[in-house]
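Asks: Here the protein sequences come in this chain order: A and B. So for the first sequence, the UniProt record's numbering puts the first residue at 1; every next one is plus one. So for the second sequence, the UniProt record's numbering puts the first residue at 1; every next one is plus one.
Hints should not be assumed to be uniformly reliable.
Reference excerpt, derived from the structure (chain B facing chain A, CB under 10 Å, subset only) [what the hints assert, rightly or not]:
#1 15
#2 18
#3 21
#4 24
#5 68
#6 70
#7 87
#8 121
#9 332
#10 370
#11 374
Rather than coming from a laboratory, the hints here were simulated on the basis of the structure. All residues carry an ideal CB built from backbone N, CA and C; glycine is no exception.
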Amino acid sequence: MSRWQTAPQEEAQTPALTIDALGKKCPIPIIWLAERINEVPLNAIVAVLADDPAAYTDVPAWCRLKSHPHVGTYELPQGGWAIHVRRNY
Amino acid sequence: MVYFDAASAEPLHPQAREALLGALDAGWADPARLYGSARRARMLLEQARAEVAEVLGARPDEIVFTTSGTQAVHLGVLGALAGRRRAGRRLVVGAVEHSAVLHAGEAHEREGGTVETVGVSRTGVVDVEAFAAAVAEPGTALACLQTANHEVGTLQPVAEVAAACREAGVPLLVDAAQTAGRMPIPEGWSVLAASARKWGGPAGVGVLAVRKGTRYRSPLPSDEREGGKVPGAQNVPAILAAAAALRASWAEREEYARLSELVDRIRRTVPRVVPDVEVIGEPVRRAAHIVTFSCLYVEGEALLTELDRAGFAVSSGSSCTASTLRPSHVLEAMGVLTHGNVRVSLPRGTTAADVEAFLAALPEIVRRIRREAGVNT
């Protein structure tokens with residue numbers, strides 16, 4: 001599962017906001033991301049923590065549809081991913 | 001109820017129904033025996049085989065009947081791999097093949113073989129260059145490609161891939177389940193699989209064709225039935241009905257041009273009337289009857305339940321609507337939304353009024369589900 005270019009954890013830019021959607025099924029992680037992305041300044045990073053396999057595909061797909069860059073997807077030690085999104089507008 | 005799930009099962013064609021009822025009386029006997037009623041069943045069976053062969057562009061002795069399209073794929077994949085065992089153990093498949101192909105590949109891996117998966121574009125088209133490179137690798141025993149994708153309708157470049165396979169000397173299994181009886185079968189297959197249920201025949205009949213000269217060894221214990229490829233007595237009445245449906249579907253194939261226009265209407269209208277929706281798959285190079293879209297912020301199961309309540313039978317690749325917790329491997333491989341997914345596949349005879357009723361009902365259903373989930377759009 002490494003379709004996305006994933007930089008090592010230490011290179012990831014620190015998120016301005018982390019949304020913990022672990023244990024939540026899609027579309028909840030996406031709904032929360034859409035609700036809260038405007039809380040961060042432009043160009044800041046929102047991290048979505050999710051472990052529903054659908055989120056792995058759906059958060060980047062949401063980014064493409066909404067024109068917010070998908071920065072990277074990083075595996076979490078406890079399972080799941082931190083999916084980083086840059087607020088674009 | 002408006003039925004929009006032809007890609008799962010096309011309703012039984014009236015000519016198939018007629019053939020089935022007639023054959024229950026005329027074709028019930030064991031076609032392998034030598035008395036009159038058995039000879040009659042055998043004659044009817046061979047007639048059905050010749051008719052199916054003609055529409056699919058095969059010789060009658062290349063065609064065997066299986067108990068489903070899934071079984072045709074399983075036997076085709078495993079039998080062709082077994083026949084090529086000395087050439088190698090490598091299987092090459094497209095990333096969006098039907099699960100029947102992927103499951104056969106898993107069985108092959110459990111026996112020590114390997115499976116190479118070739119990726120697809122955002123619209124689900126397999127990467128021809130990557131496919132050609134994959135089949136050119138030494139030790140490749142078989143390649144598999146569908147004619148059209150079952151979830152999004154995208155047509156695959158079968159002719160180009162077949163040319164690459166021919167050059168590499170690798171047999172190609174073509175899974176024609178979604179287009180057989182609707183479109184010409186592309187040239188260049190070594191093994192062909194199809195399902196009668198998808199063209200208006202009864203459930204329980206699949207077709208496996210193995211080209212003369214293709215190495216094949218049955219993965220099952222074999223008997224004298226169906227050229228040693230499919231053990232067990234044939235369901236002659238169902239096979240006759242399948243052949244009648246295939247002949248009728250092919251004879252009336254201008255119907256699919258009409259369905260394709262209705263699909264275009266859905267493709268154009270859904271993004272206009274529903275906010276935050278993505279219509280996926282190839283817009284033009286696609287099966288005539290299939291259109292798929294995904295609605296942001298909507299749970300697929302809720303959408304299907306509400307559409308059912310409103311009188312529309314559709315399908316979905318979203319994970320929560322299937323028996324698995326994983327999202328559709330097709331949508332995943334394409335990198336498109338996997339939630340809120342709806343597949344609409346139009347059966348023959350779908351009217352413009354059916355489509356308009358669906359397009360009228362959909363926006364309010366999506367709006368309601370989003371509102372209940374606390375989403376404002």
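Asks: Which earlier hints turn out false for this structure, listed by number in ascending order?
Replies: 1, 2, 3, 4, 5, 6, 7, 8
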